[in-house]
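Chemist: Take the sequences, apply the hints, and build the full model.
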Amino acid sequence: MIQNPQKPKNESKAVKAGPPQFYWRKVGGQYLVTNDFGFHSWLTETEFKRLSLGLSGKKDKLFEELAPKGFVRNMLDFADLASKWRSKNSHLSAGPGLHILVTTLRCNHKCVYCQAGAVKKASSGTEMSWPTARRCVDFAFQTTAPELTLEFQGGEPLLNWEVVKKTAVYARKKEESTGKALKLALVSNFSLMTEEKAAFLLENEVSLCTSLDGPADLHNLNRNYLGGNSHAKTRKWLNYFTAKNKKQPAGYRVFKPSALLTVTRASLGRHKEIIDEYVGLGLEDIFVRALSPIGYAKKSWDTIGYSPAEFIAFYAASLDYILQLNRKGVQVREKTAVMLLEKILAFSEPGYLDVRCPCGAAIGQVAYNCNGDIYPCDEGRMLAWEGDDLFKIGNVSKDSYKKVLSSPVVKSCLMTSELHLQPECSRCAYNPYCGVCPVYNYTVQGSLWGNMPSNERCALMKGLFDLLFLKLRNPKDREILQKWVKK
Amino acid sequence: MGKKVKQPSCRLNFSEKIYAPEAVRLAAYVFSDIADIGLFPSGKGLGAEIPCGEGRASLAGEFANEVLNQQCRLDLAAKNGKISSIIVTKALLSASGETGKKRAKQ
Numbered sequence: 434m435i436q437n438p439q440k441p442k443n444e445s446k447a448v449k450a451g452p453p454q455f456y457w458r459k460v461g462g463q464y465l466v467t468n469d470f471g472f473h474s475w476l477t478e479t480e481f482k483r484l485s486l487g488l489s490g491k492k493d494k495l496f497e498e499l500a501p502k503g504f505v506r507n508m509l510d511f512a513d514l515a516s517k518w519r520s521k522n523s524h525l526s527a528g529p530g531l532h533i534l535v536t537t538l539r540c541n542h543k544c545v546y547c548q549a550g551a552v553k554k555a556s557s558g559t560e561m562s563w564p565t566a567r568r569c570v571d572f573a574f575q576t577t578a579p580e581l582t583l584e585f586q587g588g589e590p591l592l593n594w595e596v597v598k599k600t601a602v603y604a605r606k607k608e609e610s611t612g613k614a615l616k617l618a619l620v621s622n623f624s625l626m627t628e629e630k631a632a633f634l635l636e637n638e639v640s641l642c643t644s645l646d647g648p649a650d651l652h653n654l655n656r657n658y659l660g661g662n663s664h665a666k667t668r669k670w671l672n673y674f675t676a677k678n679k680k681q682p683a684g685y686r687v688f689k690p691s692a693l694l695t696v697t698r699a700s701l702g703r704h705k706e707i708i709d710e711y712v713g714l715g716l717e718d719i720f721v722r723a724l725s726p727i728g729y730a731k732k733s734w735d736t737i738g739y740s741p742a743e744f745i746a747f748y749a750a751s752l753d754y755i756l757q758l759n760r761k762g763v764q765v766r767e768k769t770a771v772m773l774l775e776k777i778l779a780f781s782e783p784g785y786l787d788v789r790c791p792c793g794a795a796i797g798q799v800a801y802n803c804n805g806d807i808y809p810c811d812e813g814r815m816l817a818w819e820g821d822d823l824f825k826i827g828n829v830s831k832d833s834y835k836k837v838l839s840s841p842v843v844k845s846c847l848m849t850s851e852l853h854l855q856p857e858c859s860r861c862a863y864n865p866y867c868g869v870c871p872v873y874n875y876t877v878q879g880s881l882w883g884n885m886p887s888n889e890r891c892a893l894m895k896g897l898f899d900l901l902f903l904k905l906r907n908p909k910d911r912e913i914l915q916k917w918v919k920k
Numbered sequence: 627m628g629k630k631v632k633q634p635s636c637r638l639n640f641s642e643k644i645y646a647p648e649a650v651r652l653a654a655y656v657f658s659d660i661a662d663i664g665l666f667p668s669g670k671g672l673g674a675e676i677p678c679g680e681g682r683a684s685l686a687g688e689f690a691n692e693v694l695n696q697q698c699r700l701d702l703a704a705k706n707g708k709i710s711s712i713i714v715t716k717a718l719l720s721a722s723g724e725t726g727k728k729r730a731k732q
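Protein chains in written order, with our numbering: chain A, 434 to 920; chain B, 627 to 732.
It should be emphasised that the hints constitute simulated quantities derived from the structure, not laboratory data. Even for Gly, the Cβ is constructed at its ideal location relative to N, Cα and C. Among these hints, one or two may not hold up.
Said to hold, decoys possible - Covered stretches of chain A (chain B as the covering partner; in silico rule of three or more C-beta atoms under 8 angstroms from a C-beta of chain B): (1) 523–536; (2) 615–629; (3) 846–853.
As the list claims (entries may be wrong) - Listed next, the in silico EDC-like pairs over lysine to aspartate or glutamate satisfying Cα-Cα at most 20 angstroms (straight line): (4) A/K679 - A/E628; (5) A/K835 - B/E724; (6) B/K708 - A/D469; (7) A/K705 - A/D910; (8) A/K599 - A/E638; (9) A/K689 - A/E628; (10) A/K844 - B/E724; (11) A/K904 - A/D718; (12) A/K731 - B/D659; (13) A/K904 - A/E743; (14) A/K732 - B/D659; (15) A/K844 - A/D832; (16) A/K666 - A/D709; (17) B/K716 - A/E782; (18) A/K836 - B/E724; (19) B/K705 - A/E857; (20) B/K708 - A/E857; (21) A/K613 - B/D701; (22) A/K679 - A/E717; (23) A/K761 - A/D709; (24) A/K831 - A/E819; (25) A/K705 - A/E717; (26) A/K616 - A/E638; (27) B/K705 - A/D709; (28) B/K716 - A/D469; (29) A/K705 - A/E782; (30) A/K761 - A/E706; (31) A/K543 - A/D650.
Modeler: Next comes the structure, spelled out in structure tokens:
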């Protein structure tokens with residue numbers, strides 16, 4: 434962010450006023466400049482200096498490029514800039530759209546990174562009861578968001594199938610009676626999927642998501658399944674649901690199944706095999722996600738974790754390979770890139786709750802633990818499972834929607850993730866597209882604010898943005914990346 | 627009862643000209659899970675006593691960084707607090723279903 438730079442001697446009116454506020458960062462030998470409206474531009478050192486001092490007027494070639502983007506003070510198109518800002522920040526006018534129901538804490542997998550805090554099948558007091566589930570749905574339908582997604586999670590939600598089933602039916606009825614659009618989603622390892630369960634889920638238009646960490650040896654190393662080969666089960670049901678999606682039946686929509694990749698130390702160097710696994714299964718999106726040292730993963734970080742630089746190297750190699758496949762005509766996109774590019778290129782809010790300002794805590798998502806306790810996000814709930822209830826904001830049986838949403842915890846999360854108040858972020862070139870996570874900051878650095886210069890998540894985000902912006906500078910890559918956003 | 631062995635410590639002074647006492651206190655609070663930081667008046671400012679024994683050589687530097695972080699945050703709050711407050715309030719009101727407009731008196 435530059436304000437009031439040194440002024441040259443022969444200053445015109447534009448020079449006198451100086452440029453409007455902008456952010457900058459030197460990347461790959463050039464200056465990347467961005468602004469709050471979401472525009473960006475690449476400048477040489479000379480151009481950057483001239484912008485900082487104020488451009489000399491309409492005859493300036495740079496002027497043509499920078500003026501419509503809001504970088505020239507006396508040429509600001511406020512209507513257009515305000516509309517871009519509003520679209521990019523549409524989440525400020527919505528309410529919590531994602532409602533995560535942890536229907537059980539039990540799981541039949543023992544994954545090396547599992548944040549869900551899996552407990553053995555025989556444990557008691559870990560199931561969401563039907564009355565609690567119903568209260569969660571009633572609570573969720575009070576959202577001010579025009580549409581809501583109810584996501585069944587766990588543990589493994591299929592272990593509490595009867596409650597999942599009843600809840601789905603109840604939520605669909607509630608959709609009819611309230612007129613509020615509803616999406617249902619289930620995140621499952623598919624190991625307990627049956628034809629009967631699948632039929633119910635498809636008929637009720639539940640979108641399905643699973644975990645796929647790569648080829649069999651890697652997937653099974655990360656995702657220990659007490660009942661056998663996790664990879665084989667995952668593949669079987671992914672193929673099943675993909676086939677159902679291709680033969681759309683009459684009467685209801687069948688969504689394409691999706692999968693989530695969790696990158697562990699064991700994944701590093703195996704990007705090609707992992708991506709080929711996804712492509713081979715006909716999956717068109719691959720979400721290359723970094724592991725967070727939150728919950729269970731924190732304990733085993735030395736074995737499964739990595740530095741931001743190691744992840745960025747993995748991500749860069751993955752993105753290069755995906756772009757290479759695209760050039761060969763293979764349809765596959767990287768999901769992190771898609772969501773960030775939607776902000777950078779389309780000025781839209783993609784619903785990436787972890788990376789927005791303020792963060793999605795309660796204003797974008799709400800997580801319901803199996804006992805009805807409410808958290809502003811799933812990470813906050815995981816921390817509670819580890820014994821720290823700092824992020825609890827209420828309980829569906831005791832607290833009203835308004836009380837929960839105006840909880841001091843929610844306010845704190847929002848204030849601490851508002852980037853204008855973060856020392857490093859308030860000047861960062863990626864400020865218009867980025868977001869911080871108070872739960873991560875609290876877990877890793879001991880305060881909701883964190884300390885960005887030494888924050889590994891910040892290093893990781895900066896690495897991702899550097900990479901994406903450099904790709905956008907290359908016309909061939911940019912052409913492909915633009916198509917990802919338009920899709 | 628064993629005799630208490632005094633741990634080696636370093637002292638840092640934070641001049642009030644640069645660091646508000648609140649920034650030093652906030653940093654000590656952030657560090658409360660890591661180490662006991664002793665605070666004491668020191669000239670026109672606050673002094674901090676930081677353990678710097680074996681394995682803790684970098685702690686004093688890290689603490690000074692945190693004090694700087696807190697000071698920058700306080701400065702920023704004074705500068706950007708209003709716009710941030712508007713953004714957060716807008717998000718909260720939208721999510722909770724409040725309009726934010728005061729009801730007209732009947």
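Chemist: Straight-line Cα separation of B/K705 and A/D709 no greater than 20 angstroms?
Modeler: violated (50 angstroms)
Chemist: Does A/E638 lie within 20 angstroms of A/K616 when you go C-alpha to C-alpha?
Modeler: Given that 20 angstroms is the threshold and the Cα spacing comes to 8 angstroms, the pair holds.
Chemist: Check the hint pairing A/K761 with A/D709 against an upper bound of 20 angstroms on the C-alpha distance.
Modeler: holds (14 angstroms)
Chemist: Quick one: see if chain B covers the segment 615–629 of chain A, three-plus residues with Cβ-Cβ under 8 angstroms.
Modeler: Check failed, 0 qualifying residues.
Chemist: Given the hint that A/K705 pairs with A/D910, does the C-alpha gap stay at or below 20 angstroms?
Modeler: holds (19 angstroms)
Chemist: Would you check the hint for B/K716 and A/E782, treating anything up to 20 angstroms between C-alpha atoms as holding?
Modeler: Holds, because 16 angstroms separates the two Cα atoms, which is no more than 20 angstroms.
Chemist: Check whether the Cα positions of A/K904 and A/E743 lie no farther apart than 20 angstroms.
Modeler: Between A/K904 and A/E743 the Cα gap is close to 19 angstroms, so the pair holds against 20 angstroms.
Chemist: Taking 20 angstroms as the top limit, are the C-alpha atoms of A/K679 and A/E628 close enough?
Modeler: Distance of about 17 angstroms is within 20 angstroms: holds.
Chemist: Is A/K731 within 20 angstroms of B/D659, Cα to Cα?
Modeler: holds (17 angstroms)
Chemist: Is the straight-line distance between the alpha-carbon of A/K705 and that of A/E717 20 angstroms or less?
Modeler: holds (15 angstroms)
Chemist: Take the C-alpha atoms of A/K844 and B/E724, compute the straight-line distance between them, and say whether it is at most 20 angstroms.
Modeler: Roughly 15 angstroms between the alpha carbons, so the hint for A/K844 and B/E724 holds.
Chemist: Hey, A/K904 versus A/D718, does the alpha-carbon distance stay inside 20 angstroms?
Modeler: holds (19 angstroms)
Checked against the numbered hints listed earlier, the structure breaks hints 2, 21, 24, 27, 29; every other hint is satisfied.
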